[in-house]
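Undergrad: Each chain, written out:
Number of protein chains: 4
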Amino acid sequence: MGIRIFITGGTFDKEYNELNGQLYFKDTHMSDLLEMGRNRIDVEIRTLMMIDSLEMTNEDRELIAHQCIQCEENQIIITHGTDTMSLTAKWLAEKVKNKTVVLTGAMIPIKFGSSDGLFNLGSALAFAQTLPPGVYVAMNGRYFHWDNVRKNRQTGVFEETK
Amino acid sequence: MGIRIFITGGTFDKEYNELNGQLYFKDTHMSDLLEMGRNRIDVEIRTLMMIDSLEMTNEDRELIAHQCIQCEENQIIITHGTDTMSLTAKWLAEKVKNKTVVLTGAMIPIKFGSSDGLFNLGSALAFAQTLPPGVYVAMNGRYFHWDNVRKNRQTGVFEETK
Amino acid sequence: MGIRIFITGGTFDKEYNELNGQLYFKDTHMSDLLEMGRNRIDVEIRTLMMIDSLEMTNEDRELIAHQCIQCEENQIIITHGTDTMSLTAKWLAEKVKNKTVVLTGAMIPIKFGSSDGLFNLGSALAFAQTLPPGVYVAMNGRYFHWDNVRKNRQTGVFEETK
Amino acid sequence: MGIRIFITGGTFDKEYNELNGQLYFKDTHMSDLLEMGRNRIDVEIRTLMMIDSLEMTNEDRELIAHQCIQCEENQIIITHGTDTMSLTAKWLAEKVKNKTVVLTGAMIPIKFGSSDGLFNLGSALAFAQTLPPGVYVAMNGRYFHWDNVRKNRQTGVFEETK
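Protein chains in written order, with full-length UniProt numbering: chain A, 1 to 162; chain B, 1 to 162; chain C, 1 to 162; chain D, 1 to 162.
Rather than coming from a laboratory, the hints here were simulated on the basis of the structure. Do not rely on the hints blindly, as some may be mistaken.
Pairs count within a copy or across copies, as identical chains cannot be separated in the list.
Unchecked claim - SDA-like cross-link-like pairs, simulated, lysine to any residue; straight-line CA separation at most 25 Å: (1) Lys162 / Asp147; (2) Lys97 / Thr130; (3) Lys162 / Arg38; (4) Lys111 / Tyr24; (5) Lys99 / Cys71; (6) Lys162 / Leu19; (7) Lys90 / Ile69; (8) Lys162 / Arg40.
Put together the whole structure using the sequences plus the hints.
TA: Next up, the structure:
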């Protein structure tokens with residue numbers, strides 16, 4: 001069985017609207033990235049929502065948890081905005097058992113030249129295959145347990161809380 | 001302790017010489033990639049050679065093995081041309097014990113627009129942190145044990161031999 | 001004598017602030033673009049301001065006109081936000097005589113992957129060398145006289161008004 | 001009437017074959033570049049050949065000249081390898097009269113990250129619209145008359161011969 005990939009939006013998939021200068025969501029770039037990485041892991045991609053994580057509600061998190069529980073796969077990657085990624089990780093840890101769930105995202109949109117998204121996706125896929133069941137955040141080349149991670153707002157870097 | 005990264009060349013680091021149209025090696029792009037990925041894993045980069053892996057000799061492999069044994073770190077990434085990556089993996093498996101060694105590379109040079117190098121580096125860093133001691137190849141989003149991997153020359157994809 | 005290049009900001013030079021997700025100005029990317037284009041035309045670059053053209057005041061336009069009149073060169077390129085580019089062109093046409101002034105910009109920031117900025121710069125440099133004295137807008141591969149151009153807000157494309 | 005664009009190959013359109021590490025030709029990237037530049041000049045693109053300019057024969061040049069003479073348009077751009085671009089310019093100057101013919105190309109393939117191709121195309125389109133009938137080379141942000149141009153092999157830069 002392969003890896004399930006859930007798309008929820010975040011900087012990862014933002015695009016530049018050249019008519020009004022705003023960032024917005026269109027489609028996910030997940031398939032393009034997997035192709036660029038020449039990925040051969042069997043994956044199933046599903047877009048659950050396309051939102052900024054600052055606007056994610058608990059109803060949204062409930063939906064993500066439900067999808068994680070329902071899906072056949074035991075290895076799950078979730079793309080997510082970085083601002084509330086650790087909050088969603090905590091939420092999922094209470095609901096999703098016996099599965100390896102890895103949340104990841106990007107500081108720079110994939111469509112912009114110098115994104116960290118492809119790097120993060122490569123590491124998230126690897127962590128999903130090798131870490132024991134649990135909920136993790138994969139950013140900055142590292143993985144963090146759901147109960148020991150926060151985004152440092154000053155530096156934009158993920159770090160342990162303890 | 002962090003991760004040791006050994007550079008040996010390969011497509012990963014090739015550049016285009018605009019004066020003669022040939023591909024060649026200058027410096028490694030490893031630091032740029034780690035910066036783009038916003039990597040915060042402590043790494044130590046050392047360039048051992050800058051060669052096409054079809055030109056790699058057993059003396060070269062001996063040197064790589066020696067460096068793997070000598071270095072302090074127990075988690076090692078080696079960038080390597082894809083053509084003889086599995087051969088070097090076998091060689092290292094005989095010599096390097098009790099360390100996690102992950103060989104990776106790229107099908108497209110990093111300097112060209114659509115390289116798989118950043119994706120592969122992300123996965124290699126993650127595998128190096130999570131896999132038990134042994135020698136592995138990380139390509140195509142997957143990891144392979146040294147005794148069960150080859151590059152399919154027709155497709156350019158890595159696959160199991162068994 | 002070479003070509004004078006005045007920088008005023010606009011989408012051309014906008015960057016993505018990964019800490020707050022806003023677009024902002026840092027330095028101009030003009031030198032990098034000229035290097036990428038292997039430009040050998042003698043140019044003198046000066047940054048006059050770094051602003052969104054919707055925020056450009058008539059005092060700003062007065063400053064630009066003054067600089068165009070004062071500088072030694074008779075061929076001038078001005079990078080400018082697209083929203084009020086035609087307005088500034090009209091303003092300059094009344095003040096700057098006997099010089100070839102070409103305004104250009106970009107619909108997508110240069111720092112993002114798929115910008116039109118390099119293309120526009122190539123055409124602006126060529127138009128500055130070949131058009132007779134006057135004030136022009138160079139966008140979409142075309143040149144427009146200052147008194148016959150507007151940006152179509154629906155399509156983002158420049159077009160004649162007459 | 002618009003501009004005719006003839007494709008002949010050269011570094012401009014080369015791609016990297018990841019299976020054997022060689023550069024090769026597939027299709028031209030002209031349409032993609034014009035779209036990236038948001039070009040609105042009416043153009044007609046035709047691929048005449050896809051070859052390295054060092055392999056271009058006088059029969060090939062005869063074919064190009066014939067196509068320039070035959071086509072309806074009076075403004076013509078030819079993409080061409082840089083090594084014999086000035087030689088083809090001389091050949092065309094003898095055969096094609098009363099048309100503005102602009103040869104251009106690239107030092108770095110368009111498919112690689114840092115190509116000069118988009119810049120050169122922008123300038124070639126502008127020169128084709130503004131220069132009087134004659135045969136020209138457009139490279140390095142400049143235009144050269146067919147009888148006063150050569151590529152400096154040491155620097156890769158085009159320069160006057162006189």
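Undergrad: Hints numbered earlier in the text: which of these fail when held up against the supplied structure?
TA: none
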